[in-house]
Every structure is written in C-alpha cells, then in structure tokens.
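**Student:** As you go down the protein sequences, you meet chains A and B in turn. Quick note on numbering: the numbering used here labels position 49 of the first sequence as 49, and the sequence is numbered without any gaps. Quick note on numbering: the numbering used here labels position 3 of the second sequence as 3, and the sequence is numbered without any gaps.
The set of hints was computed from the structure by calculation and includes no laboratory data. It cannot be assumed that every hint is accurate.
Take a look, some chain B residues computed to stay more than 12 Å from chain A by CB distance [as the list claims (entries may be wrong)]:
{"no.": "1", "residue": "S75"}
{"no.": "2", "residue": "L95"}
{"no.": "3", "residue": "T99"}
{"no.": "4", "residue": "D100"}
{"no.": "5", "residue": "L102"}
{"no.": "6", "residue": "R103"}
{"no.": "7", "residue": "N104"}
{"no.": "8", "residue": "S148"}
{"no.": "9", "residue": "P188"}
If the Cβ cut is set under 7 Å, some of the chain A residues that face chain B in the computed set are [unchecked claim]:
{"no.": "10", "residue": "S36"}
{"no.": "11", "residue": "G37"}
{"no.": "12", "residue": "C40"}
Listed next, the in silico SDA-like pairs over lysine to any residue satisfying Cα-Cα at most 25 Å (straight line) [claimed, not checked]:
{"no.": "13", "chain 1": "B", "residue 1": "K105", "chain 2": "A", "residue 2": "D57"}
{"no.": "14", "chain 1": "A", "residue 1": "K18", "chain 2": "B", "residue 2": "T99"}
{"no.": "15", "chain 1": "B", "residue 1": "K105", "chain 2": "A", "residue 2": "K63"}
{"no.": "16", "chain 1": "A", "residue 1": "K18", "chain 2": "B", "residue 2": "K58"}
{"no.": "17", "chain 1": "B", "residue 1": "K84", "chain 2": "A", "residue 2": "I17"}
{"no.": "18", "chain 1": "A", "residue 1": "K53", "chain 2": "B", "residue 2": "A167"}
{"no.": "19", "chain 1": "B", "residue 1": "K105", "chain 2": "A", "residue 2": "D61"}
{"no.": "20", "chain 1": "A", "residue 1": "K46", "chain 2": "B", "residue 2": "M71"}
{"no.": "21", "chain 1": "B", "residue 1": "K155", "chain 2": "B", "residue 2": "H143"}
{"no.": "22", "chain 1": "B", "residue 1": "K84", "chain 2": "A", "residue 2": "R41"}
{"no.": "23", "chain 1": "B", "residue 1": "K58", "chain 2": "B", "residue 2": "A167"}
{"no.": "24", "chain 1": "B", "residue 1": "K105", "chain 2": "A", "residue 2": "I65"}
{"no.": "25", "chain 1": "B", "residue 1": "K105", "chain 2": "A", "residue 2": "Q69"}
{"no.": "26", "chain 1": "A", "residue 1": "K18", "chain 2": "B", "residue 2": "A93"}
{"no.": "27", "chain 1": "A", "residue 1": "K18", "chain 2": "B", "residue 2": "H143"}
{"no.": "28", "chain 1": "B", "residue 1": "K84", "chain 2": "A", "residue 2": "D28"}
{"no.": "29", "chain 1": "A", "residue 1": "K18", "chain 2": "B", "residue 2": "K155"}
{"no.": "30", "chain 1": "A", "residue 1": "K18", "chain 2": "B", "residue 2": "D46"}
{"no.": "31", "chain 1": "B", "residue 1": "K105", "chain 2": "A", "residue 2": "T59"}
{"no.": "32", "chain 1": "B", "residue 1": "K23", "chain 2": "B", "residue 2": "K58"}
{"no.": "33", "chain 1": "A", "residue 1": "K53", "chain 2": "A", "residue 2": "G11"}
{"no.": "34", "chain 1": "B", "residue 1": "K105", "chain 2": "A", "residue 2": "L72"}
No experiment lies behind these values; they were computed from the predicted model shown. Positions of the beta carbon are idealized from the N, C-alpha and C atoms, including for glycine.
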Amino acid sequence: MATSVDTASPGQIMSAIKVLEEDHAGSDAEIREWMSGNICRCGAYKGIVEAVKAVRDETYDKKLIKRTQQKLS
Amino acid sequence: MNPFQYSKAKTADAAISAYMEHKNTAYLAEGTNLIDRIRRDVTHPDYLIDVSELPFSKIEKIEGGLRLGAMASNSDTADDENVKNDYPIVSQAILLGATDQLRNKATNGGNLMQRTRCSYYMSPHFACNKREPGSGCDAINGHNRILSILGTSEKCIASYPSDMCTALAALDAVVQIQTPNGSTRSLPLVDFRRLPGDSPEIDTNQDRCKVKLNK
C-alpha cells in the first residue's frame with residue numbers, strides 16, 4: 001500500500017492516474033514534482049512514488065488487484 | 001470572512017455593467033487567489049462577479065503571435081502545442097508555478113490579475129499600504145528576503161508573483177481589455193501592471209480599476 005490513511009488516498013490516486021496518463025512519471029524527481037500538489041499528513045511519499053512506479057512498470061502484485069475485484073463484485 | 005453577494009456573468013458586457021453598477025466589486029474567475037484572500041480577511045469585496053463562464057477559453061493563432069484566452073486554464077495553456085512549440089518559455093514558466101491541481105483551475109486572466117503573496121499583505125494584523133492605503137509597510141523593515149529589490153518605493157516592496165507574466169513580459173505580450181463603452185484597448189503587459197510608487201493599492205493601469213478605487 002502506498003498511503004496509510006483514507007484522507008489523502010483518493011486525491012493521491014486521482015493525481016497518480018493523471019500523472020501516468022499524461023506521461024509525467026519518467027523519473028522519481030518528475031513523479032515527486034507532479035504529485036506535489038497532494039499533501040500526505042503521514043509522510044508516505046516514498047511509498048507513493050513506489051506505487052506510481054509499480055503501475056508504470058507493471059511490477060505491482062496482480063493477485064492483489066484480482067482479490068480486490070472479486071471482493072467488489 | 002465578510003458576507004458578499006454573488007452573480008454569474010454570461011457575457012463580458014454583463015460582467016462590466018455589474019462591475020460598474022455595484023460598489024466594492026471583484027471579478028471571480030476560478031478563485032485560486034481571490035478566495036484565499038477573502039478567507040484570510042485580506043480582501044473584503046461586497047459583490048463578486050463570476051466571470052468563469054465567459055467565452056474566452058481559446059488559445060488561438062493570430063497574425064504575428066498567439067492569443068491566450070483569459071479564461072483558458074494555466075494547464076491547458078502550458079500544454080498547448082502552439083505555446084510549447086513557439087513560446088516554450090511560457091509553458092515552462094507556468095509549470096514552475098503552483099501545482100497541477102491549482103494550474104488546472106487557475107485561469108490566464110486570474111494569473112495576470114493576481115495580487116502579491118507578500119506575507120505582510122496576506123496578514124491583516126500587519127501594516128500594509130497595498131491592503132490598507134496609508135497604514136505603512138511592515139515589510140520594509142521586516143522579513144523581506146523574498147520581496148522586491150527593483151521597482152520598489154518607500155510605500156511598498158511587494159513583488160508580483162506571476163511566473164507566467166514574467167515570461168509574457170519578456171515576449172512583449174500585449175493585454176487586450178474590453179472597456180465599459182464596449183471598445184477594446186490594448187496595453188503592453190509591462191504597462192498594464194504598475195509599480196507600487198505612491199499608490200501600491202492600485203495594481204494595474206486598467207482605467208476602470210482606478211475609477212472604482214477612487215469612488
């Protein structure tokens with residue numbers, strides 16, 4: 001998990017989707033700059049950068065996504 | 001925060017007549033600067049004229065240059081192919097300021113009209129000639145590292161915060177203004193914004209702005 005509380009997560013996720021869609025995830029520095037409008041009180045920024053990179057590189061745990069989808073359906 | 005009246009203008013003419021009709025008015029675009037100032041008790045308009053739906057959101061090629069619509073967002077402007085290819089300095093300058101979320105909301109017109117972020121101006125318990133004409137300037141002998149070095153006066157050392165307009169000034173940009181009688185006038189950007197001089201409360205050389213302030 002990238003963030004630790006629900007307060008910041010929805011905004012972080014919305015930003016992360018656009019950062020990836022609009023191709024601003026080239027480097028850690030670029031991700032940090034383009035994600036910088038969302039403040040995370042818990043300071044989980046390292047995890048957030050890792051999460052964006054994991055989606056960019058498709059290295060995230062796909063089983064996790066499947067489980068969540070099953071739960072939701 | 002003071003209560004205020006609010007109306008939405010659908011045309012520039014309607015916005016201007018509302019502006020002339022009421023006292024102590026302010027134009028509201030997307031509010032990324034004005035609402036902050038109202039909430040912080042820095043500005044107390046009695047009447048807000050929402051201009052966010054005026055049809056000036058295009059960025060178009062015109063003879064000899066580009067016309068940036070006042071209601072185009074900073075993000076759309078920075079992202080525009082013509083801006084990026086022909087005037088990359090504008091795109092780069094916009095992207096240096098604020099964050100993506102703010103740039104998505106902020107308009108070019110609002111960017112041009114924004115007021116200083118001088119912390120003394122933004123804090124009503126300090127003296128500030130720009131906020132309260134004649135009250136003095138606590139910034140001059142205060143923490144002023146981020147304020148102006150050039151173009152200051154004895155009354156005010158506030159800096160103009162727009163990165164975008166600094167780039168536009170370097171490109172000799174011209175501001176087109178619709179006047180109350182319906183005509184359009186053009187002013188070079190560097191003449192549109194004023195140095196503080198003796199009246200730092202007046203930010204721009206827009207005639208109607210002065211008329212209003214003198215009321």
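**Student:** Hint by hint, where does the structure go against what was stated? Just the numbers, ascending.
**Tutor:** 1, 2, 3, 4, 5, 6, 7, 12, 13, 15, 18, 19, 20, 22, 24, 25, 27, 29, 30, 31, 32, 34
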